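Visitor: Position chain B against the provided structure of chain A, taking the given hints into account.
Residue numbers (numbering that gives the first Met the number 0), protein chains in the order written: chain A, 0 to 232; chain B, 0 to 408.
Please keep in mind that the hints were generated in silico from the structure rather than gathered at the bench.
Note that the coordinates shown come from a computational prediction; the quantities given were computed from them, not determined experimentally.
Note that beta-carbon positions come from the ideal geometry of N, C-alpha and C, so glycine has one too.
Misleading hints may appear alongside valid ones.
Claimed, not checked - Capping the alpha-carbon separation at 25 Å, the derived lysine to any residue pairs in SDA-like fashion look like this:
| hint | chain 1 | residue 1 | chain 2 | residue 2 |
| --- | --- | --- | --- | --- |
| 1 | A | K97 | B | L331 |
| 2 | A | K160 | B | I402 |
| 3 | A | K185 | A | H198 |
| 4 | A | K213 | A | Y231 |
| 5 | B | K310 | A | G144 |
| 6 | A | K97 | B | N11 |
| 7 | B | K15 | A | K69 |
| 8 | A | K69 | B | A404 |
| 9 | B | K114 | B | F74 |
| 10 | A | K75 | B | I5 |
| 11 | A | K21 | B | I402 |
| 12 | B | K310 | A | E158 |
| 13 | B | K134 | B | D195 |
| 14 | A | K185 | A | E31 |
| 15 | B | K310 | A | Y231 |
| 16 | B | K167 | B | R112 |
| 17 | B | K400 | A | E132 |
| 18 | A | K75 | B | N11 |
| 19 | A | K120 | A | E132 |
| 20 | A | K75 | B | E177 |
Claimed, not checked - Here are some of the chain A residues that sit facing chain B, going by a computed Cβ distance under 10 Å:
| hint | residue |
| --- | --- |
| 21 | N48 |
| 22 | F86 |
| 23 | D189 |
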Amino acid sequence: MIEINDLHKSYKMGSNSLHVLKGINFKAEAGELVAIMGSSGSGKSTLLNILGMLDGANSGEYTLDGVPIKDLSETKAAQYRNKFLGFVFQSFNLINYKSALENVALPLYYQGVPRKERQEKALKYLERVGLKEWATHLPSELSGGQKQRVAIARAMAAEPKVLLADEPTGALDSTTSYEVMDLIQKINDDGNTILVVTHEEDIAHMCKRIVHLKDGVIVEDKKVKQVRAEQYV
Amino acid sequence: MFDRDIWQEIFNTLKKNKLRAFLTGFSVGWAIFILVLLLGLVNGMQNGFTNQFNDDATNTIFIRPGATSKAYAGFEKGRRIQLDNDDIEYIKRSFPSDIEYLSARYFSNTVGRYKSETGSYPVQAVHPEFQAIEKLIITKGRFFNEADHTNKSKVAVIGKKVAEDLFKDEEPVGNFAEFNGLPFRIIGVFIDEGDDNAERRIYAPVSTYQRIYGNTDNINAIALTYNPSYNLTEALEFSGRLEDIMKRRHKVAPEDQAGIRIWNYAEAFNDISNFTNGLGMMSVFVGFLILFAGIVGIGNIMVVSIKERTKEIGVRKALGAKPKQIVNLVLLESIFITTLSGFIGLLFAWIILAAIGPNIETQAFSNPSVEVSTILTATIILIVAGVLAGLLPAIKAANVKPIVALSDK
Chain A
0 MIEINDLHKS
10 YKMGSNSLHV
20 LKGINFKAEA
30 GELVAIMGSS
40 GSGKSTLLNI
50 LGMLDGANSG
60 EYTLDGVPIK
70 DLSETKAAQY
80 RNKFLGFVFQ
90 SFNLINYKSA
100 LENVALPLYY
110 QGVPRKERQE
120 KALKYLERVG
130 LKEWATHLPS
140 ELSGGQKQRV
150 AIARAMAAEP
160 KVLLADEPTG
170 ALDSTTSYEV
180 MDLIQKINDD
190 GNTILVVTHE
200 EDIAHMCKRI
210 VHLKDGVIVE
220 DKKVKQVRAE
230 QYV
Chain B
0 MFDRDIWQEI
10 FNTLKKNKLR
20 AFLTGFSVGW
30 AIFILVLLLG
40 LVNGMQNGFT
50 NQFNDDATNT
60 IFIRPGATSK
70 AYAGFEKGRR
80 IQLDNDDIEY
90 IKRSFPSDIE
100 YLSARYFSNT
110 VGRYKSETGS
120 YPVQAVHPEF
130 QAIEKLIITK
140 GRFFNEADHT
150 NKSKVAVIGK
160 KVAEDLFKDE
170 EPVGNFAEFN
180 GLPFRIIGVF
190 IDEGDDNAER
200 RIYAPVSTYQ
210 RIYGNTDNIN
220 AIALTYNPSY
230 NLTEALEFSG
240 RLEDIMKRRH
250 KVAPEDQAGI
260 RIWNYAEAFN
270 DISNFTNGLG
280 MMSVFVGFLI
290 LFAGIVGIGN
300 IMVVSIKERT
310 KEIGVRKALG
320 AKPKQIVNLV
330 LLESIFITTL
340 SGFIGLLFAW
350 IILAAIGPNI
360 ETQAFSNPSV
370 EVSTILTATI
380 ILIVAGVLAG
390 LLPAIKAANV
400 KPIVALSDK
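Chain A with its partners taken away, still in its complex shape (with noise of 0.2 Å):
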């Protein structure tokens, strides 16, 4: 699904260039639910921006769902990011204006899907994550796990071939991380490729597997016994 060659990246901060990425290699197939690891500075939100299509490398290969991402115009990766993926942010980064149910229609609508169709399909997402009757409620009124929850009905939405998940738990408490935790661990048992990023152990061990980033390279990947977020709930 996803297959990245030595790919690099550097920031140029005044006439010094700072080296985040240096030469990852990284391959995760279909159904796959991976946590990438790292402390603050190890490059794993540059490594999920470039995965994102919101940023581009310096050099080396991103090959997405067999389709290389290189050199792509605006529109394009706009197109692209609305075909291919799905995001779920820290801060959950829903408009504060629309109601539930319009949140999650806003990739379709960028889709191109009339209305009527749109928001049928934005309840039926919603109903997945449990807030069916909470699709006319404005974000202000909802919790925060309510929110990342509608966040994640809007990513999948769209039905990407991919979630990215950028510290989906962040902003929670342990309870709340563990339900959102476990509404990812169910649509990836449904087979949807997840790629989670994080610093909490106990949510990387909740994927199937862990990248440890350290300075710009992958120190450590390993495949763990997956723990149930359920049983805490």
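Guide: Leaving out everything else, chain B in the frame of chain A:
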């Protein structure tokens, strides 16, 4: 464009920032208000001028002789040119298809007397066709006709003021008044709309006056109207030919403007049209300068709005919004504010003009109003203004980098 989601978003942003939206819209509304008001006032002025000209035929040409200012064809300069009856005949024969009405003018003054009342009045001795040239309105009796002219009858048509002076309550038509001691039969009374002084005038046949004043053929001026179907170019071309032929006939240098003067109403009307058009252009120019300030204001607000919504735009881009869609959103919002507030300004200006317009009726000013074309132009201007105001902020928004926008730091 007619997408519910886009409009929902626009209304939401406006609702969240009511005061800001109002203040921004106000600048554009105010600009359009002033622009339309100015145009309406210029329009009123134009109406006023047109009314002034309407009571005389606008296809009139006057020919007046003067003294030459250049030596020409063996004559010294300073020679007085004298027109006479032959000139009338000559013009009539030379331009049979160009001329509608033609009349000589012979100027004189007279002391009029009826019973014990006397008064001094200007007399114009003219041809019967002069009635049509000056658009005289006969309220009692008639104007003199060809028969009066041929018979050199001592008849006169007097202005309403003359009739009031001399005849008081008596009926003037049919009675005889003495002009310089000679009895003239009053055959008609006229009024002249828009010119009270003209009503102190007396008209008599030119043939009669020429006989009274020593059997002369001389006349003071010629008045004529040309074919009313002529447009301005044709009219100017005709008066040019007329001038050439008259100057050649009286041996006046072609470039000598003093020897024979041809005064063309069309030209004067054209000058005044140019003047009011110039005023119109100036008010459009001033209006645009004010509007420009409004556009800058809206652009400014949009930039702030984009800054506040950077994160939201980042999220949209991450969810697959194309740059074009972001540009559309911002542009539409800007066009919406400008057009709406502009129309409110337009409406206010229109209401004011509609309320006061019909009440204003002075000599040089009448019925200021806005035309449909002004409204259409204003609409187009507003949409263009909205695009201009929104374009830079929109491009800025489209260039928002999702990673920068989404970073939680």
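Visitor: Against each hint, give a clear statement of whether it holds in the structure.
Guide: Verification of the hints:
{"no.": "1", "hint": "A:K97 to B:L331", "in the structure": "19 Å, holds"}
{"no.": "2", "hint": "A:K160 to B:I402", "in the structure": "21 Å, holds"}
{"no.": "3", "hint": "A:K185 to A:H198", "in the structure": "21 Å, holds"}
{"no.": "4", "hint": "A:K213 to A:Y231", "in the structure": "30 Å, violated"}
{"no.": "5", "hint": "B:K310 to A:G144", "in the structure": "21 Å, holds"}
{"no.": "6", "hint": "A:K97 to B:N11", "in the structure": "9 Å, holds"}
{"no.": "7", "hint": "B:K15 to A:K69", "in the structure": "40 Å, violated"}
{"no.": "8", "hint": "A:K69 to B:A404", "in the structure": "22 Å, holds"}
{"no.": "9", "hint": "B:K114 to B:F74", "in the structure": "51 Å, violated"}
{"no.": "10", "hint": "A:K75 to B:I5", "in the structure": "22 Å, holds"}
{"no.": "11", "hint": "A:K21 to B:I402", "in the structure": "20 Å, holds"}
{"no.": "12", "hint": "B:K310 to A:E158", "in the structure": "23 Å, holds"}
{"no.": "13", "hint": "B:K134 to B:D195", "in the structure": "14 Å, holds"}
{"no.": "14", "hint": "A:K185 to A:E31", "in the structure": "12 Å, holds"}
{"no.": "15", "hint": "B:K310 to A:Y231", "in the structure": "34 Å, violated"}
{"no.": "16", "hint": "B:K167 to B:R112", "in the structure": "12 Å, holds"}
{"no.": "17", "hint": "B:K400 to A:E132", "in the structure": "35 Å, violated"}
{"no.": "18", "hint": "A:K75 to B:N11", "in the structure": "29 Å, violated"}
{"no.": "19", "hint": "A:K120 to A:E132", "in the structure": "15 Å, holds"}
{"no.": "20", "hint": "A:K75 to B:E177", "in the structure": "101 Å, violated"}
{"no.": "21", "hint": "N48", "in the structure": "5 Å, holds"}
{"no.": "22", "hint": "F86", "in the structure": "5 Å, holds"}
{"no.": "23", "hint": "D189", "in the structure": "21 Å, violated"}
Checked against the numbered hints above, the structure breaks hints 4, 7, 9, 15, 17, 18, 20, 23 and satisfies the rest.
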